[in-house]
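Read off the chains here:
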Amino acid sequence: MKGVWGKVLKVDLTNGNCREETLPEQTYQYFLGGAGLAAYYMWKECPAGTTAFNPANRLTFAGGPMTGLKQTGAAKWTAGAISPAIHMNADSAATASFGIEMKETGFDAIVVYGRSPKPVYVVVQDGKARIRDARKFWGKDAYETEDGIKEAEGDGFEVVTIGQAGERLVRYANIQTHKKSFLGRCGLGAVMGSKMLKGIAVQGSQNCPVHDSAEINRLNKDLNRRVAELDAAQPEFLQFKRLGTAGATELFAPQGNLPIKNYSLARFPSGERNLHGREYVRLLNAKPWPCKYCVMQCHNLCEIKKGPYAYKGKGPEYESFAMMGFNTMVDDMEAVAYACELANLYSMDCISLGVVIAWAMECYEKGVISQKNTYGLDLKWGSAEALVEMTKKIGERADGLGYLLGEGCKIASDVLGKNSGDWAVQMKGQEIAAHNWRAQYISALNYCTGVASGPNHERGNSQHIWVAHVRLPEWGIDEVKTEERWSWEKAPERNAIFHDYCNVINSACHCKFHEFRGYTLTDMLNSINASTGWGWSIQDLRTCGERITTLQKFLNIRYGWQKEHDFQYPKRFMEPVHEGPAAGKIPVGLDQAILEYYRVREWDESGKPTEQLIKRLGMEEYAGE
Amino acid sequence: MNCKRIPSPGMREGQDGGETFRLMKITINSVEQNFSAGTKLIELVNRVREANRDNPVLKSLIEKTGKDHITFSHNRRIVKPSEYGSIELEEGDEVRWMLPYAGGS
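Those protein sequences? They're chains A and B, same order as listed.
FYI, the numbering for the first sequence is 0 to 624, going by numbering that gives the first Met the number 0.
FYI, the numbering for the second sequence is 0 to 104, going by numbering that gives the first Met the number 0.
Check the hints yourself; a few may be wrong.
[Said to hold, decoys possible] Computed cross-link-like contacts, DMTMM-like style, restricted to lysine to aspartate or glutamate with a CA-CA straight-line distance of at most 20 Å:
| # | chain 1 | residue 1 | chain 2 | residue 2 |
| --- | --- | --- | --- | --- |
| 1 | A | LYS127 | A | ASP154 |
| 2 | A | LYS220 | B | GLU93 |
| 3 | B | LYS58 | A | GLU271 |
| 4 | A | LYS480 | B | GLU49 |
| 5 | B | LYS63 | A | GLU278 |
| 6 | B | LYS24 | A | GLU473 |
[Claimed, not checked] Coverage of chain B stretches by chain A, computed from C-beta distances (three or more under 8 Å per stretch; other residues unrestricted):
| # | segment |
| --- | --- |
| 7 | 31-45 |
| 8 | 63-74 |
| 9 | 87-98 |
[Unchecked claim] Footprint (simulated), chain B over chain A, 3 or more residues, beta carbon under 8 Å:
| # | segment |
| --- | --- |
| 10 | 223-230 |
| 11 | 237-247 |
| 12 | 250-258 |
| 13 | 465-475 |
| 14 | 505-517 |
Source of the hints: derived by calculation from the structure; they are not laboratory data.
Glycine is no exception: its CB is placed at the ideal position from the N, C-alpha and C atoms.
Isolated chain A (complex conformation) (with noise of 0.2 Å):
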C-alpha cells in the first residue's frame, strides 16, 4: 500500500487504552481518507440511535493520500462525527501542520471514542500513544491549553485543543490547532469536551511511501510554482499572502453575497466602509503566517497593539469577519477582530456564533428579550460592546441568555417561542454560512440538500462557482453565465458536482483555497495517482467521490434524516432584499430544485439513493443498518 499506512490507532477513553487497527486497500480506494474515513467508522462502529455525546461516538482525525505530499494545500486533515448540532454525521477540515505530524507518526487516523471519567489528553509518537492527565488543563482557553501540552511534552510536537466552550459542550464549539486553525463547524469540540478530551498530541518521523517520488516531486516543484505566480499576478488587493480570505467582504459587495443584520438587508455602507481589507491590513497590521508548505498563505498574523481590544494572534477570515462584523453591523475592525480571537480561545465556531448573536439582536430589537435577560447589555444592532461581552457569555455558558445561546439558534427560538423561528437562520440545528442565497441560488439548494455536515458552504461549495470563480471543467463545469446566478436549469447537477469535489478534496486532503489560484482536479487527481499507484481516471475520482457522498447519505437515514428535513429552510429564504445587485431575488422553484436535486443523484422520490445507484457504486454491503 502507498500513499497511506493502512494503519489507525483506536483510543478507547473508557478503558484507558490504545490499540492499532489494520484497513485493507479497499477502504482507501473507496473512501479515500479523512472525511471519507471518518465517514466509514461511523458506519462501522457507530449504530443507529448513537448520539453525538454518547460515548459510543467516533470522533475520528483523519489524514488522505495528500496529507504531507510537500505540495502547497497538502497541510490539509480532517476529523468528523455525530454533530450535536444537526444530530448526523458531519466532518470538517483544518490544516497548519498537525495532519502532516499525525500522519508522520505512522498512522493514517485517530479514532477516539469512549469517555474518560477525569480529563485527559492524548500523546500519538511513531507509533506509540498513551493517554496523559489534563485535569490542569481543565476549564483553561484553546491556546494556553496548547502551550501547556507543548510543555509538558517537549518541541516537536503538533497539537489540537479545546478551550471552555468544548468543555461546556457548546453545540458549535470547535476544536483549534496552532492557533490558527479550525475544525470549525458541526460543535466537533463539544463531542471531544463529553469525552473528557482536552488534546491530543502527536509527533512523528516516519516518511509514508510514495508510488512515484520523482512525479510527486515533479508536480510538487511544478504547483508550488505555478500557484505563487498566478497569486502574484493579481492586483495587490487580492493578493492572499497580503489579507487571505478577508479581503472578500470587498469583493462580495458588488455581488450582494454578503450576509447583513441576520441576513435582512442588502448594503451596510459604514460596514463596507469600516471593514475593508484596506482597512484590515492598517489597523490589524496582518502579515502572512502559511500553513506548511503552503505557497498562497492567506492566514494572517494580527497585532492590535494598544485599547481595548489589543491582542496579538489570528486574524479574521472571511467567514467570521463577515458573520461577526456585517451580520451583526458592528463596523469597529478591531472590535470585530477582537470577538472573533476570543471565539477562538473558548474554542466557537465563529459562523454560528455570528448568527446566533445576530438572531439575539433581533429577538431584543423585536422585544421577545430585554435587558433583563442581556445581563444589562444593550444587545442593539452595531454594537461592539455587546458582540464582545456575549461572546464571553456564551463561551462561559454563563446562567440564562448566555447558556441557552450555545444551543444555537434552533434550540433558542424553541425555548424562547415569540415566534423567534422566523429569523432563525438555520437548517437541521446548525446556522447558514456567509454565503448569500440570493446572490446564488445555488447556495440555497446547497444548505438544503448537503449530507456530507448539513448546510454547510465547504462540504458542498457550488456557491464558489460564482462568488469565487471556480470551475471544474472536467466535470463539465465549464463556461458559466451570470444570470445563471438566478437560473435553477443546471443548478442541481453543478450542486451534485460540488458535493462529490468537496468529499474528494476533503478525503484526499487537499487545501481548497487553491482552487483560487487554478489549482484543477487533474492537479489532484496526478497527485493522488504519484502518492498511491492507482492509476485513477478524472471519472475513477467522480466515482469515489460519489461512493463518499452515498455513504453518508446511509449515515444521515441511520441517524433519522427525513425528506421533509431538506424543505425545512429558514423563513427568511424566500424574503427579498430591496436593493443592491440580488434585490426581489428570492430562490422561488427551490422545492422542485430540491427533488431534481435527488434526481441528478440517482436517489429516488424520497431521497434516498436507489439500488440501481447502490450497485453502480459497489456499495451493497454498506447500503441499510
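Take the given structure of chain A and dock chain B to it, following the hints.
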C-alpha cells in the same frame, strides 16, 4: 472554451465556407479541445472576455483598476497581456485561464 470553426471531436480537418483547414488539439483548463491551426492566443482571450462581459466582479475591478485581471498561462507560464497577440497556439499546447479571485472561503 471553443474558438471559431470547431468541428466534432476527433476530426483532424474541417471545412468552413468551402475552405479546408487543419485542426489541432489544445488542452484548455485540463480539457482537450479542437482548434483550427493558426489560432492565436488573443482569440481565446477575447472569447473568455466576451463570455464574462456581464460579470459583476470583473466590472467592479475594471472600474477600480482599469483591468479585468483575468490571467492566462500558456504551457505552464503566465503570459503578460502584451504578449497575447504574438502567441500562436500549436498542437499539444496547454492553456489555462483563471478569473480573478472574487472572494470565497
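Here's how the hints hold up against the structure:
no., hint, result
1, A:LYS127 x A:ASP154, "holds, 17 Å"
2, A:LYS220 x B:GLU93, "holds, 18 Å"
3, B:LYS58 x A:GLU271, "holds, 18 Å"
4, A:LYS480 x B:GLU49, "holds, 11 Å"
5, B:LYS63 x A:GLU278, "holds, 17 Å"
6, B:LYS24 x A:GLU473, "holds, 16 Å"
7, 31-45, "violated (count 0)"
8, 63-74, "holds (count 5)"
9, 87-98, "holds (count 3)"
10, 223-230, "holds (count 3)"
11, 237-247, "holds (count 5)"
12, 250-258, "holds (count 5)"
13, 465-475, "holds (count 8)"
14, 505-517, "holds (count 4)"
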